Amino acid sequence: MFKVIRDLLKYDTRFRIAVIFLGAVMLMFFLSFFSPYDPNEIFVVPMDVPPSSEYLFGTNSRGQDIFWWMTFAVRNSLLLGVITALISRVISIIVGLSAGYEGGWLDKFLMSINDSFIVLPLLPILILLGFLLRDILNLFLLAVILGFFGWPYDARLIRSQVLSLKERLFTRTSVFSGTNSFSITMKEHLPFVLPIVFATTINNMLWSIGMEVTLSVLGLSDLTTPSLGTALFWANQHGALVAGVWWWIAAPALVAIILFLGLYLFFQSINEYIDPRTRLRLIGG
Amino acid sequence: MNRFFWRYLVPRIIQFLTIIFVGITVTFIIPRFSPTDPVEAQIAMIMARGNTLDPASVEAMRAALTDMYGLSGTPLQQYFAFWGRLLRGDLGPSLANFPTPVSEMIKQAMPYTVSILIIAVIISWIFGNLFGALSSYYPKNRGLSMIETLGQAVRPIPYYIVALVLLVVFGYFIPIFPFSGAYPIGTKPNWSLDFILTFIHHAILPAATLVLIGFGGWFIGMKSLTSNIISEDYVVYAETAGLKENKILRNYIMRNAMLPQLTGLAMSLGTVFSGALIMEVVFGYPGMGSLTMNAVYRNDYAMIMGIAIYSIIGVATAVFIMDLLYPLFDPRVRYQ
Amino acid sequence: MSLLNVKNLCAYYQTELYGISRTVRAVDGVSFELFPNEIYGVAGESSCGKTTLIKVISGNVKNPLKVISGSVEYKFGEYAVDMLHISKEELRSSVRWKEISYVMQGSMSVLNPVRKIIKTFEDIITTHDRFTNKKEFLEHARAHVNRLGLPTEVLNSYPHQLSGGMRQRVAIVLATLFQPSLIIADEPTTALDVVVQRGVLQMIKNIQAMSSNTVLLVTHDMAVHANVADRVMIMYAGRIAEEAPTEIIFNAPLHPYTQHLIRSLPMIGERSDKAGLRGSPPNLANPPSGCRFHERCPEVMDICLTEVPEMITVGEKHRVACHLVKENYL
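Protein chains in written order, with this note's numbering: chain A, 50 to 334; chain B, 109 to 444; chain C, 74 to 403.
Heads up, some of the hints might be wrong.
Label-pair ranges, simulated between beta-carbon atoms [claimed, not checked]:
#, chain 1, residue 1, chain 2, residue 2, range
1, C, Arg95, A, Phe158, 22 to 30 Å
2, C, Asn136, A, Ser213, 25 to 33 Å
3, A, Ser147, B, Ile234, 49 to 57 Å
4, B, Thr257, A, Glu90, 39 to 47 Å
5, A, Ser147, B, Lys215, 36 to 44 Å
6, C, Pro224, A, Ser213, 32 to 40 Å
7, A, Met75, B, Ile234, 37 to 45 Å
8, B, Ile234, A, Phe79, 40 to 48 Å
Which residues of chain A face chain B? A partial, calculated answer using Cβ under 10 Å [unchecked claim]:
#, residue
9, Leu76
10, Ser165
11, Phe166
12, Leu182
13, Val224
14, Gly227
15, Leu269
16, Leu290
17, Ile298
18, Pro301
19, Ala302
20, Leu310
21, Tyr313
22, Phe316
23, Ile319
Straight-line C-alpha distance at most 30 Å; calculated DSS-like pairs for lysine-lysine [what the hints assert, rightly or not]:
#, chain 1, residue 1, chain 2, residue 2
24, A, Lys52, B, Lys248
25, B, Lys355, C, Lys135
26, B, Lys355, C, Lys189
27, C, Lys139, A, Lys59
28, B, Lys352, C, Lys208
29, C, Lys208, B, Lys355
30, C, Lys135, C, Lys148
31, C, Lys399, B, Lys352
32, C, Lys171, B, Lys355
33, C, Lys390, B, Lys355
34, C, Lys139, B, Lys248
35, C, Lys171, C, Lys278
36, C, Lys148, B, Lys352
37, C, Lys347, A, Lys59
38, C, Lys161, B, Lys248
39, C, Lys139, B, Lys352
40, B, Lys352, C, Lys390
If you're looking for bench data, these hints aren't it; they were derived computationally from the structure. Since this is a predicted model, take the numbers as computed values, not measurements. Cβ atoms here follow ideal geometry from the backbone N, Cα and C, with glycine treated the same way.
Put together the whole structure using the sequences plus the hints.
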């Protein structure tokens, strides 16, 4: 494992950038535990002060230090991403494995529903949900809901992998030698399925945090909890751009960009390293 | 022809109907789980606006709203009534703009959204694929590498943020594009050349947001597809046979790589549509996105529901149409 | 008057990724000649360097394959071609398909799946020739297809509508469109059933007889060589072990490897046991010193471990690279 990281650090620029970006984000995450200000308190510092050495990201119209507020935002958004990723992993593995192994009617049925979820425009549906649940909605609930919508793409990938594994000779050998199917799944197939799960986890996080930002900006989330999306929401509420308090919008936007780019580059470079076909391409074969 | 019909068309039709069925049912079920009672909330809102009503009128209103929301009777009865109204195209009146029907407002806003969507999707798909294929065939080209970096940098960023950045940069700092609306305030939409020009001028930034994000995705997908295809037997064969490079690129590589990308296009329509909605919010563009935001802001539950339904049916239909067109491109599906 | 003259060809695969570099010495000092009007077979087990040799000869050198040294020179009548230094454009417009054509390994998938076969014909013909009208071209294509024994309906089909054997034959028909001086056939009969194999081999023999050109036939299947080849070259681990007319290879082989190869072929009526060679083919990234066969050779001598055996001529068109043979011969 460490060899992988060492190789990538040495040879892949994207990975290095990703590590720097993600490092910055994780730094903010940890700093949130040392924040001198409670994010729910307002008017604790002078309002609308531009970024300076005293206030790293400046202060906003509610009298909050933006930098320290953002550390909480980062923490919450990351937690949301992780929770959604966990839930949707579980669902996608269950669906993917069952559809792949059972085949027949179960497969057709599951895939029908699966594809419907992929094709359906999720935002209007989530908006409807968010609208109706806005009173009881908190970030955790949102994470759970997103988890229930984010599995179809990955379930399909897992299913194709299972289908191809079923046909492979080593599977048939195991079956003919009498190993029970659970053993086969666990010992022989899981090593093939897990890389897919890993690869899609980051993709899923990108999606869920992005969804959170979108929904919060519309005001359909728990607006008292700091997150990347609610930061933008409050900035818009107070007309930040028009009032000239541009740093209130720039800070969350910048942090969001660094987070997303960091995750994406990390995902791309590891994927390319693992996938033997891209290796061939890089060699020029 | 018969075989084709059964093997290809019928499963696709069933899928189309399934998607609509699943989508509409989800849209139906969700409000039923809401802790807020839309009827009571509505009445509360109307009262809060300063209208005082006698109990009899409130009762009458309650009955009317319940009926309108389709909340009378058992859930099963409600479900069928729901479908009945849907098939008649009746989505009820908008609550914020009572009594204008929801469908009428949506139909007004739809052309704006759809026009930008179609153009942006086509541009980003064609150019993304084109450049992706080229960058794979000529891997040392620096211009293409730069384009690739740009595409990769934009791709993971949510639509909202990209729209925001574009707005700030091109509407604010370098004000060459207007940063709100589809046309200047006060002008009435018409078909004159003037209007069309200013329409395009206003549409560029919104469309650019969609194009930028989509471009990156298609580029990268096509690049990896193409590099797999380049090592396929029939491409190597074409090269060995001495065919010219651009002929190979066009007829052998792109014709084949296009096929999975077409399928991908159909799959991505839902996501792009969602992106278009949120992008309109940033630019104040008077399409379905702004309609949605207004509805959320003004608690117009009926409108939100209506938009959800229209979106589902619209995207499912678009995907279905693409499915029908696919055999035109892939002869393997045509003659099985 | 040789058609092709290959001298001391060395071609390696050099890869470098994430700080690890590797060199695979796939073709290491190969010299041979091809003459007009013959069928020349190249035999050897998997990863002996056959396909790499073909790639270099046909001008298909792409990263990570690199030609390190040696020469590959053609003489098509009056037209001389130095394959290692020819420009891409000249190679594409004057040599490919007109002088050298290639029937690839696994020709099932060499046809573009989204285009009709006639379109592929059209692509190839229009690249190398100018037909004044479409009718003339179609006639020409149909005639050619018929001449080689295929039904003309083939032209109007898509590749997936034809069987594997049929596609193989279409590939061969395409290869002969311009009556090239050299046809390279790489494993043309692998993955085909015996009946179709016969058809394909017959087709190749007919073509060669009709146009008196040269066919370079690469396959590990010795039966095919016995059937069609005039001369056979045995390759082992990137080098030539032995080269001789077919009868001599089969009846009086001299190199220990060839001897073993021939002994392992079953013959009707024979009941003796067959034994495999000990060991396995060498790793060409780290090949053994001296003669590359020394680790498995039943007749190995001390000198084999240190010195590379040179190629000596022991008879009419018969060459061997082996220390033992050299000793016996001198």
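Name the hints, by number, that the structure is in violation of.
Checked against the structure, the hints that fail are numbers 1, 3, 9, 13, 14, 23, 31, 33, 37, 40, while the rest are satisfied.
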